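Participant: Residues per chain, in single letters:
Number of protein chains: 2
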Amino acid sequence: MNNRITNLFGIQYPIIQAGMIWCSGWRLASAVSNSGGLGLIGAGSMYPDVLREHIQKCKKATDKPYGINLPLLYPDIDKHIDIIIEEGVKIVFTSAGNPMTWTSKLKEHGITVVHVIANVKFALKCEEAGVDAIVAEGFEAGGHNGKEETTTMCLIPMIKDAVKIPLIAAGGIATGKAMLACMALGAEGVQVGSRFAASVESSAHEHFKQRIVETKEGGTQLSLKKLVPVRLIKNEFYQKITEAEERGALRHELAEILGRARAKKGMFEGDMVEGELEIGQIAGLINEVLPASKIMENMLQEFRVAQAELAQLSI
Amino acid sequence: MNNRITNLFGIQYPIIQAGMIWCSGWRLASAVSNSGGLGLIGAGSMYPDVLREHIQKCKKATDKPYGINLPLLYPDIDKHIDIIIEEGVKIVFTSAGNPMTWTSKLKEHGITVVHVIANVKFALKCEEAGVDAIVAEGFEAGGHNGKEETTTMCLIPMIKDAVKIPLIAAGGIATGKAMLACMALGAEGVQVGSRFAASVESSAHEHFKQRIVETKEGGTQLSLKKLVPVRLIKNEFYQKITEAEERGALRHELAEILGRARAKKGMFEGDMVEGELEIGQIAGLINEVLPASKIMENMLQEFRVAQAELAQLSI
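Heads up: the protein sequence lines correspond to chains E and D, in order.
Numbering-wise (our numbering), the first sequence opens with residue 10 and increments by one.
Numbering-wise (our numbering), the second sequence opens with residue 10 and increments by one.
Please note that the accuracy of each hint is not assured.
Which copy? The list can't say, so a pair holds if one copy fits it or any two copies do.
What the hints assert, rightly or not - Capping the alpha-carbon separation at 25 Å, the derived lysine-lysine pairs in BS3-like fashion look like this:
{"hint": "1", "residue 1": "Lys303", "residue 2": "Lys173"}
{"hint": "2", "residue 1": "Lys243", "residue 2": "Lys169"}
{"hint": "3", "residue 1": "Lys73", "residue 2": "Lys173"}
{"hint": "4", "residue 1": "Lys173", "residue 2": "Lys273"}
{"hint": "5", "residue 1": "Lys243", "residue 2": "Lys73"}
{"hint": "6", "residue 1": "Lys169", "residue 2": "Lys225"}
{"hint": "7", "residue 1": "Lys69", "residue 2": "Lys130"}
{"hint": "8", "residue 1": "Lys303", "residue 2": "Lys169"}
{"hint": "9", "residue 1": "Lys169", "residue 2": "Lys235"}
{"hint": "10", "residue 1": "Lys243", "residue 2": "Lys303"}
{"hint": "11", "residue 1": "Lys225", "residue 2": "Lys134"}
{"hint": "12", "residue 1": "Lys66", "residue 2": "Lys243"}
{"hint": "13", "residue 1": "Lys169", "residue 2": "Lys130"}
{"hint": "14", "residue 1": "Lys156", "residue 2": "Lys235"}
{"hint": "15", "residue 1": "Lys303", "residue 2": "Lys235"}
{"hint": "16", "residue 1": "Lys243", "residue 2": "Lys156"}
{"hint": "17", "residue 1": "Lys116", "residue 2": "Lys303"}
{"hint": "18", "residue 1": "Lys225", "residue 2": "Lys173"}
{"hint": "19", "residue 1": "Lys134", "residue 2": "Lys243"}
{"hint": "20", "residue 1": "Lys99", "residue 2": "Lys273"}
{"hint": "21", "residue 1": "Lys243", "residue 2": "Lys130"}
{"hint": "22", "residue 1": "Lys169", "residue 2": "Lys68"}
{"hint": "23", "residue 1": "Lys273", "residue 2": "Lys130"}
{"hint": "24", "residue 1": "Lys69", "residue 2": "Lys225"}
No lab work stands behind these hints, which were simulated from the structure alone.
In this text the structure is predicted, and so the values were computed from the model without any measurement.
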């Protein structure tokens with residue numbers, strides 16, 4: 010495909026694998042890039058040295074474009090930025106922060122910058138900051154999300170109306186049909202998280218991958234809204250948080266229940282009871298763990314079939 | 010268009026105008042039906058005699074198919090059912106209740122029955138109850154909604170996988186692009202609420218129509234989750250409810266703040282401060298009040314343009 014997203018990154022298909030904590034290291038990123046999409050290393054769960062190691066291994070594993078997802082609230086953000094520049098990374102997706110803070114420094118070093126947002130206000134700020142493209146992430150997405158709770162179906166056309174830079178849709182996309190739907194709404198590419206979290210190359214714990222496969226419709230909920238909203242699988246830890254929220258618990262109590270390293274405990278160490286299990290609603294449509302190359306192949310095939318079917322509708 | 014939805018109702022285009030409280034009387038329903046869609050009279054805000062009057066006026070205003078939306082929790086439901094049968098109504102969309110309760114009685118009288126659901130569990134129950142089609146309504150939809158909070162982008166393919174009967178998508182659909190997106194996901198028709206609430210023929214108060222037009226992305230929220238979840242515009246009444254919810258107010262206190270006839274006060278009587286203003290997230294994309302025929306025309310035109318553009322993508 011030849012559009013502003015494939016041209017911006019120099020990739021074959023406008024499918025971006027979301028840079029996720031505890032799931033997307035060099036193995037997953039390079040597998041997606043080698044399949045013609047854009048693989049992202051998720052820096053949010055990596056110490057600086059670990060990030061460097063993953064970048065170096067990714068460069069050895071693929072000669073195709075790849076990128077880094079960099080949450081801007083990361084405490085050691087300066088070190089991450091330095092490593093990204095030193096290692097010659099060409100593409101960075103920033104998230105969870107203000108696009109004005111780091112965009113110009115990254116671009117001075119020739120890096121393509123994409124910022125992840127969940128509302129129109131921040132989309133406008135992205136354009137002002139000079140980012141090259143936007144990921145607009147709907148309410149259904151896994152992990153941390155916006156307070157507006159705007160869904161992909163509503164968010165994509167609203168962002169499309171508000172800005173001129175290329176738009177990548179995220180949230181609820183695990184199939185070629187959803188990719189086609191997002192393109193009908195005005196996106197030029199899609200970012201896919203949950204589907205790749207349950208891939209062979211994902212660095213998530215096998216228990217977590219299996220739990221994603223078992224998750225049905227209604228099995229996740231946006232939670233912890235008084236802290237930073239995050240979509241979780243409804244396990245025992247989620248229930249504990251929900252009970253506290255329903256009786257009006259304040260931020261400090263919720264933060265105490267959350268504690269530290271809950272996501273690592275669940276997603277990386279495999280504790281399905283006490284761990285924080287971040288995944289999107291679309292987990293309900295994911296029924297098996299597949300290699301990244303097979304996920305790419307399926308999405309492209311589904312896209313082509315659905316496109317041909319839609320073209321035949323006469324109205 | 011010729012598919013299972015247009016054939017089921019005998020209509021030209023698979024666009025259904027949602028039967029909404031305080032917005033969709035005979036004027037709106039007949040205008041939509043006369044434009045080739047399916048207009049629905051919203052019985053939820055009508056006393057039995059008022060419903061009869063609207064049905065009779067609708068029959069005079071159009072010779073095309075039209076229907077009734079009937080919330081099953083309505084206290085005088087028996088009287089509504091009797092009137093529907095007596096007046097020879099051919100199409101009923103039931104909602105807010107169990108599809109097993111009334112479907113067979115309606116079908117014995119030759120009535121086509123569609124049920125509105127928001128999760129896979131009830132979709133399966135619909136099929137068991139023998140309804141003719143399903144409306145699957147996503148989290149972004151206006152008014153009352155499900156506890157699962159599954160968005161249209163996720164819900165449509167999940168329901169499509171779960172049942173064989175025809176599927177109508179609802180929630181977030183105000184344009185032909187969104188209609189096309191829903192068809193890519195597996196729907197054979199769309200139900201459109203918010204866009205028609207802000208139509209010339211809508212019986213909503215002008216203040217409410219204007220407020221819909223002014224609502225931006227992030228301007229609504231699913232509220233009152235401890236009672237029955239309902240999506241509201243963030244006005245002063247909403248703020249009052251939200252403050253109570255955040256400090257852990259229980260059901261009875263929330264019910265007391267809500268009181269009676271709040272929706273009528275806002276949507277029909279035009280009190281934008283104290284009224285309950287039910288609308289979908291997609292209000293953020295609605296920028297003017299239009300005649301129903303123009304809304305239909307725009308949606309069809311947008312659908313055709315987007316369809317042609319999608320068909321040209323080569324992947």
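Participant: Each hint: holds or not?
Facilitator: Right, here's what the structure says about each hint:
no. : hint               : verdict
1   : Lys303 with Lys173 : neither (33 Å within a copy, 27 Å between copies)
2   : Lys243 with Lys169 : between (33 Å within a copy, 24 Å between copies)
3   : Lys73 with Lys173  : neither (27 Å within a copy, 42 Å between copies)
4   : Lys173 with Lys273 : neither (38 Å within a copy, 40 Å between copies)
5   : Lys243 with Lys73  : neither (38 Å within a copy, 47 Å between copies)
6   : Lys169 with Lys225 : between (31 Å within a copy, 14 Å between copies)
7   : Lys69 with Lys130  : neither (39 Å within a copy, 47 Å between copies)
8   : Lys303 with Lys169 : between (30 Å within a copy, 23 Å between copies)
9   : Lys169 with Lys235 : neither (29 Å within a copy, 35 Å between copies)
10  : Lys243 with Lys303 : neither (28 Å within a copy, 44 Å between copies)
11  : Lys225 with Lys134 : between (36 Å within a copy, 16 Å between copies)
12  : Lys66 with Lys243  : neither (35 Å within a copy, 49 Å between copies)
13  : Lys169 with Lys130 : within (13 Å within a copy, 34 Å between copies)
14  : Lys156 with Lys235 : both (10 Å within a copy, 19 Å between copies)
15  : Lys303 with Lys235 : neither (39 Å within a copy, 43 Å between copies)
16  : Lys243 with Lys156 : both (20 Å within a copy, 13 Å between copies)
17  : Lys116 with Lys303 : neither (34 Å within a copy, 46 Å between copies)
18  : Lys225 with Lys173 : between (37 Å within a copy, 19 Å between copies)
19  : Lys134 with Lys243 : between (34 Å within a copy, 23 Å between copies)
20  : Lys99 with Lys273  : neither (28 Å within a copy, 56 Å between copies)
21  : Lys243 with Lys130 : between (30 Å within a copy, 17 Å between copies)
22  : Lys169 with Lys68  : neither (34 Å within a copy, 41 Å between copies)
23  : Lys273 with Lys130 : neither (31 Å within a copy, 32 Å between copies)
24  : Lys69 with Lys225  : neither (38 Å within a copy, 47 Å between copies)
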